[in-house]
Every structure is written in C-alpha cells, then in structure tokens.
Amino acid sequence: MRYTKHRRLVSSALAVTLGATTLAACGSSSDDDGGARSGPVSLTYWTWAPGMDKVVDLWNEGPGKKEQIKVTVKKQASGDTLVTKILTAHKAGKAPDLVQAEYQALPTLVSNDALADISKDVGDAKSKFADGVWQQTTLGTDAVYAVPQDIGPMMFYYREDLFEEYGLTVPTTWDEFADTARKLKKKSPKTDLTTFSANDSGLFAGLAQQAGAQWWTTSGDQWKVGISDDATKKVAEFWGGLVKEGAIDNQPMYTPAWNKALNTGKQIAWVSAVWAPGTLNTAAPDTKGKWAMAPLPQWTEQENRTGSWGGSSTGVTTDSGNKEAAAEFAAWLNTDGDALNALAKESGIYPASTSAQLSGAFTTPPEYFSNQPDFYQKAAEIAQTTAPSAWGPNVNVAYTTFKDAFGAAAKNRSDFVTAVDTMQQDTVADLKKQGFEVAP
Amino acid sequence: MSSVTLNKAEPVAGTAPGTGRGPARPRRIALVPTLTLLLGALYCLLPVAWVVIASTKSGSELFSTFTFWPGTGFTENLSDLNAYRDGVYWKWMGNSALYAGLGALLSTCVSAVSGYALAVYRFRGRETLFNVLLTGVLMPPVILAVPQYLLLAQADLTDSYLSVLLPQILSPYGVYLARIYAAASVPSDVVEAGRMDGAGEWRIFTRVALPMMMPGLVTVFLFQFVAIWNNFLLPYIMLSDDEKFPITLGLHTLLEQGANTPALYTLVVTGAFLAVFPLVALFLVVQRFWSLDLLSGAVKS
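From first to last, the protein sequence lines stand for chains A and U. Just so we're aligned: the first sequence equals residues 1 to 440 in our numbering. Just so we're aligned: the second sequence equals residues 1001 to 1301 in our numbering.
One chain only, chain A, in its complex shape:
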C-alpha cells in the first residue's frame, strides 16, 4: 500500500516536472470520456466567489444555451480545506467538472492528477493575460491546467491625511519605509506605521516574491525548495528587525483589535493587495475617503516590481466527463467581456485578464477610494510589474510552518531568519515524505 502510494506520487511529481509528455501518457485513458460530446451537457462548478451563480446564469442563458452546456454552481468555502475536499472527492472519482483554485494550490492538485490539461480547448486565452499570470497555470510546462480568474497585485495603502499631519512622505524603497516607521514612532510613540502579521503566510510569500524569491523550482526530475534563499531572508530580516526595534506593531491582522487600530488611526498604513478597499470598508468604515494607494516600496530605486497576494483560477478536473465543454466555459468566464463585468460587479474580483482591468467596473475607483480617481489605472500599471511566482506541491505545509514559526518569532520579537530556516526544513521534509525527489 505504502509502496504504491510512493510510486504514484513519484510519477505524478515527474508529471509536473516533465510536463506534457508524461501527462499525455497518464491521461490517455481518461481522455476517452472527455472527448467529443453529443447532446446537452451538464457541468458542476465548485466556487467560493459570492454571486457566481448570477454570472453563470449569463452563460446558461447565452452561449451555454446555444451550445447546450449548462453549468450549475455549488458554492463552497474557500481555503486549504477546499483543496483537501477536492482531492478527497477526486479519490472517489467524484470531483466536480470545474473548480476554483488559488494559484498556489494548482501544483498540489496537478501532482495528485486532479486537474486536466486543457491546453487544446482554451483557444487563444493565453493572449488575454500577462505572461507572469499565465505561467502560474502552466507550471512552466506546455500543459494548461487552469484559466486565470483574479489576481492580487500587492500595493501600499496609507492614510493620506495622517501622513500629512505627521509630515511623512510616501516611501518608495523599503529603506525609506523603515525610516518612515521610525520617524512616526518618534513623532507619535503610540501610533504604528503598520503591523507585521504572522497569521498571513500569503502576505509574506508575496513580499518574498517581490524580492525575487523562488520558493519552489524544478531541475530535472527533482524539486528544489528555495525558501531559505537570500531574497526571503532579506525580507525576513527586514521585517524582523522592524518588529524587534519596536518600529512597527507585531499584532496579527484581521482581528477586532486590528480593525480598531485602522479605524482609529493607531495604524496608518497597510501593505496589502488590490482587494484592500473591500477589507478596509469593513475594518475601518469611519476612515472612508482618507486612504490612498501607492506602489509597493522597492528594494532598490531602479527596481519596479510587486508581489501577489491572493488570486485564483478556474480548472477542469480529470474526473469530468466533458472536459472540452468545461474548458470552453472556463475560457468564456475569464476572458469574455460581459462575464468579466459581471464577475467584477457580483463577485467583486479584480480580473486577471488585462483588457478587463481598465474597462467596465474598473473605469471608476472603488467607492471607498473615491478620493483617488485613477485608482484602477494605477492598479493596472502595478499589476504589469508582478514578479513571477513559483509554487510547489506542498504550499500548505510551508504556510502552516510559517504561521507557527513566525508566530512565535513575532510574539517574542526574536529572529525571523531562524523561522525561515524552519520553514525550509519542514517543507523539504514533507516533500520527501510525500515521495517527491528533492534536490539537496
């Protein structure tokens, strides 16, 4: 039992690495039921996006009706548990036809053979997306495992009025950011520029990505884990140093206390992503119209890069009996103008499709940022600068270790670099345990 599992994982690991060739061999048996269809087709779609049923209705009453492809939305809760649920269903051969999956979950799903290669069925979808975004759905192979839906390019949010009041300027480099934090502490000891939260692995991953980290890469048939590389350590040292000297807060985000700090001006900036307006609207309703958005500070003045925090894609499962139809829907949902407009309106997503980033709902700023009319133009420019990401098959393990190790480090104001090493060790150990080959 154990041996076969080991073998299966090794071969699927190879599948990820070698891409199309191996997968074609693996998938050939299941291709028969996914081929040509006749008659009406009914597809199920697991998604967590609010209002998705209304977007799908557009399909069912429009192009879907013509082609007799009906999609049914089954609303799910987002998060790592959904990946587990998909894999459990896949084990029983009962996964839905379509799933929403975060980019960092794709390698996990692909290495478990849960997602099908839809490169033949998505047409020219590739041209609608930035290369860095598209690359996340191919995992660097010739295959296509999903169509990008939304992205979360990272940005710097700050209280425009309070920056003025305290005589601060918007930092363009991380050095300036640190100085700004210190300056603020001197002027108003009770106020913090921001907090470093050990609860949100996605934030740290995005910051490391901006610094040039490549956490998972492949060489030959081996995985290489680069969590403890110089870029990541630089980021960890930077934030750890600020926490240690007390220049910024170390409380977790998304807590009542954090909401209060934002709402009362105890914290006056937030390193976040394009979806921040929605969060700020609930967290700090009293400060509406007082915030502004700027690009993320850079590591050197010549650089212009950002990381991503969040974002998801639409994938077709290997269990689907109508892969071709499912892929067609996935492409429509994420590239069609009407669909993207509806997605923005009903689900509040920021589209991955570059043409949609400046049309429809994105011609006017979010209500919370009505003071910044060019919010979405700026956002689209920043999105262009997203650094490539590199996800592996056990992001969840790395993320869990992050929460434990960084949580302890942030609380004790101790060394963040050791926490990075812990992440590296645990991630490598888990990969090996799962049966993947890991480069030393």
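Derived by calculation from the structure, the hints in this document are not laboratory data. Mixed in with the good hints, there may be bad ones.
Stated by the list, open to error - Computed cross-link-like contacts, BS3-like style, restricted to lysine-lysine with a CA-CA straight-line distance of at most 25 Å:
| id | chain 1 | residue 1 | chain 2 | residue 2 |
| --- | --- | --- | --- | --- |
| 1 | A | K74 | U | K1091 |
| 2 | A | K54 | U | K1091 |
| 3 | A | K126 | A | K378 |
| 4 | A | K65 | A | K120 |
| 5 | A | K290 | A | K345 |
| 6 | A | K345 | A | K65 |
Given the structure of chain A, go ahead and fit chain U onto it with the hints provided.
Okay, now just chain U, sitting in the frame of chain A:
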C-alpha cells in the same frame, strides 16, 4: 450517570439524572465548590453572552464598540440574513433540523433495539460485540468521515440527504448508553412476567421495556441531536450543493469567501445566535421526560 452500574438488576430510584435526591439536609454553603461551579458557569456562558450581544451590532459597530455593549443593528442584521441569497439561511436551518431530528430519532431507535437486546438476551458473542462497540465509542467520528465518504461514493449516494443521515444513525455511544440503561431499568422479572402472560418478544419490548427505558432514550436522543446539529466535518465532506448544507456548513461559507471578499461577520454572528434557539427549545421540551418515573411499582421487592 455515576449512580448506574452494570450489575444492578433491580431498578434504583433516581437512576435518571436530576431526580430522587435524598431529603434536604440543612448545611452551610460549601464555598469552594460553589465558586468553582460559578466560574465554570461564567466560562460557559460568556461566549453565549458575546454572541447575543454581538448579534445586535451593525457592521460598523461590531469591532469598534465595547464588546459587551449592545448595538443598534439587530433588525438590520436579521433582514440582511433573511435576504442573503434569497433566504438560504432558513433552508440551512431546515436542513439542520432534518439531519438532527430525523437522524437522532433513527439513531435512538437503533440504539434502543440493540441496547435492549444486549442487556436482556444472553447469546454467544454478546460480550465481544459489546466490546467492539466500546472501541467504537472511543473512536472519534471525525476520522471515519473520509472512509465513509469513499464508501458512500461507491454507492453513488454522496451529495444527498442520505449521505449525511446514514453514517450518523449508528451511534456506538447511544447503543452503549441504551444497554446500560436497559440493564438497570428493565428488571428481568418484568420480562419473565411478560413471557408468562404470553406476550411475544416484540410486544414485551415495545409495551413493557420501551416505556421503562424512556428517560435513557431521551438522553440518547438529545446527545445525538446535539452531536448531529454541531457536526461539521461529515457534511463538509459529503455535500457539495449548498442547498443541502446544514447551518454549521452554511455559516462557514459566509466566513470563507476568498481573500478579496470580506467575511460577512454580522450575518455569521446573527446566524449563530438564531441557531441556538432550536436547541434551547428542544431541551426545554424534552427535559420533562427525564423526570417520568415509570419504574415505581413495577416490581415489589
């Protein structure tokens, strides 16, 4: 339940909890136990109080005003919850009631029959069977959820009401409790007397034993009802259609809507608050069955 022991064939007055306390003796208040109990009560009730108060707060008040100070948004929260996806919350409430009500009822029936059989009949392998059941009691249902899913997937029953009901009908703890209760409350003399009078085994069970076991079965029913009402993992794995979700799962989807959508805290809090009522009502209604003393006078000792 400490007053119940396996070997007692004779009924003991006051086997049901909360009845048959001895005559009240005047004694001074024991300070330490009272304080401990008060602390315990506070520990249990504080979160409930939080839910009650938080459900009255509007979205902007929830995190910014003093925790235990009521807000002004209760009616708004209620109508928001009512309006959310055309009132799917009430559908969840109905599903929870169905899963918990029907599931607990069926589970109690199975427990009653098996518990009675294990207590009254002597047959080969009885103790082995009972011991296997005991290990079932120690096995957390959580670890069985995935195997149960794979099993039901074979039968093509996943994502159906049955998929949540079926696995919860057999409750090892319920059978265990029913056996112990039957052994303590159904005297063998009564069963014998029934046989002498020519009653069939089924008649003896339904007409004689069942009423005697009633307080115990009410306990089994309540335990199972609460367990199913609160269950999360089994329906989470089994169901994908959110029209079939119970409340636990439905509220979870309101919290986890993806990184770009803020969690609907006010709806979740209000939903959790409303979900407490059926349980409280059930306990108040069913409680009185506990005090029924059917045993008095059945056997003269």
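- request: Identify every previously stated hint that the structure contradicts and give their numbers, smallest first.
  value: Nothing - there is no hint that the structure violates, so all of them hold.
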